Amino acid sequence: MMKHILSVFSLCCLALGCAAATPAIAGETIKMSTTTSTQDSGLLDYLLPKFTADTGITVQVIAKGTGAALRDGMDGNVDVVFVHDTAREVKFVEEGYGTKRYAVMHNDFVLVGPASDPAGVKNLKKIDDALKAIASKKAPFISRGDDSGTHAKELALWKEAGVPLEKTTQNIMKGGKPAQVIFEAPKGEWYMSIGQGMGKTLMMAEEKKAYTLADRGTFVQQRFGKNPPTTLEILAENDGPLLNPYGVIPVNPKKFPHVQFNAAEKFAQWLVSEAGQEHIAAYTLQGKQLFFPDAMPKK
Amino acid sequence: MDSLLLDSLASALLMLVQGESHVWGIIFLSLRCTLFACVAACIMGIPLALSLSQARFRGRQGVILVLNSLQALPTVVVGLFLYILIGSQGPLGSLGLLYTPTAITLGQTVLILPLVTMLCLAAVNRLDTKYRYAALTLGATEWQARVAVMREARFALMAALCAAFGRGIAEVGVSMMLGGNIKGFTRTMTTAMALEYDKGEFALALALGLVLLLTSFLLNAILHMFQRRMEQTA
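One line per chain: the protein sequences are A and B, in this order. Each residue of the first sequence is one higher than the last, beginning at 55 in my numbering. Each residue of the second sequence is one higher than the last, beginning at 47 in my numbering.
Take these hints with a grain of salt, some might be off.
Stated by the list, open to error - Here are a few chain B residues that sit away from chain A, every Cβ distance over 10 Å (derived from the structure):
#, residue
1, L52
2, F103
3, V123
4, S134
5, L144
6, L173
7, I228
8, K229
9, F231
10, G246
Claimed, not checked - Looking from chain B toward chain A, a few residues come up when the C-beta cut is under 7 Å (computed):
#, residue
11, A56
12, L60
13, L62
14, S67
15, D174
16, G226
17, N227
18, L241
19, E247
20, A249
21, R275
22, E277
Stated by the list, open to error - Partial chain A-side listing against chain B, Cβ under 7 Å, derived:
#, residue
23, R125
24, D200
25, N225
26, K228
27, V235
28, I236
29, E238
30, I248
31, G249
32, G253
Hints listed in this document are in silico derivations from the structure and should not be mistaken for laboratory results. None of the values given here were measured: they were computed from a predicted structure. For each residue, glycine too, the CB sits at the ideal point set by N, CA and C.
Using the sequences provided together with the hints, build the complete structure.
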């Protein structure tokens, strides 16, 4: 009997504890879907408290790949999206899901790989040549493969480098009509598509002694902010095609009347304001500037 | 939202009917990894359960308590633990197991071993101890007595196998962390689903979910038939 009372009592305690753990939030709150890179690099932890101090608006962040973040916007699940795939962002606005795309900032991608550099890409300078060398030597390459902005950029780079891509199509139904989900990738066992975030992808590249394309922020974090640091090294960088622009888009209230458009618009405006832009430029990780403002008002 | 459900159902049918090789590849890999894990867990778990049911030693209750708690072991913990063990920097790193189907099997074995052991223990404990003693007095060796006990508990053991298979095939943490979700190599049904969700392809994710359910249903149906037949012959 005592046993029963005890277990019921402890279960009640558990339930109470869970209820008490639900946080209460005061003031206006908006939800934002963004990419893992803004979250993992620590930029949002730095920017959002400053935005809240300026406006009293709290931003709840949901970090995903760009594809999923835009999908959240298209389903009206969030008030604003902050992503990096310009082509899809423009389409998002054109299709009426967002009101306007504000160009906020850019960072850049780096090609990283093992120090032994089996494909010999280190002195090639151009990303096109580096990718061609990797493909022709069939050196292991790990791809995000998750439809993220980084994945989209990687595919664009393969295309520019003239490496043939193989298309896999999956027939599905959408809105009752046949549709296709298309997946493109270079052919061969050397190319591993893993469908995971940037941090995981770097860890796996290190493990498999493979090349991968990474945003500089996540790489700097793993190289200088992690113990033990990753053994991967930057083998190609600072080439035009590697630039990576970010945009912020409030979700269209005409499509989803329930979204907090005013607060979302305030957030977008704040990001491209002088104050927001200066904060972005001031953010460093391990002493390195990661994001470069694109909307700094001209003086 | 109901249109999404219809889409997923239709997509699942398309997937199976058109028999695209990569979908079947994913299904077979999932089945293979989990079946091997079930076999391995049974090979270790059943003797462990038999020993636990007979042995009387100090701390036996403690062992049972620990095994019971381990049934609630989060997949992420198993994944992390084995990652450290078999990662290239880990003590077993030289085997090169990380990010292979073997790693998934290994992880799922660790995951379901406590479940198999505890369910077997419960099954054996429910039996009258007379079975064991009868077998022993009839001249059976210790091992023969154990086999006799297991034969008596076979239905419950089968149920334990089903439960273990269910937990293994449905888990995503171990497959993701130890398998690495490499397309065409270690991508299982659950990691494929997690990926399609991350990509925002909900219809495809749900369709894969339906395929997973269907697969489990078929497997359970086969086991069920097997069990019925055994009951009839018993």
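(message) I'd like to know which numbered hints this structure contradicts. Please list them from smallest to largest.
(response) Going through the list in order, the structure violates hints 1, 4, 5, 7, 8, 9, 10, 13, 14, 15, 21, 22, 28, 29 and 32 and respects the others.
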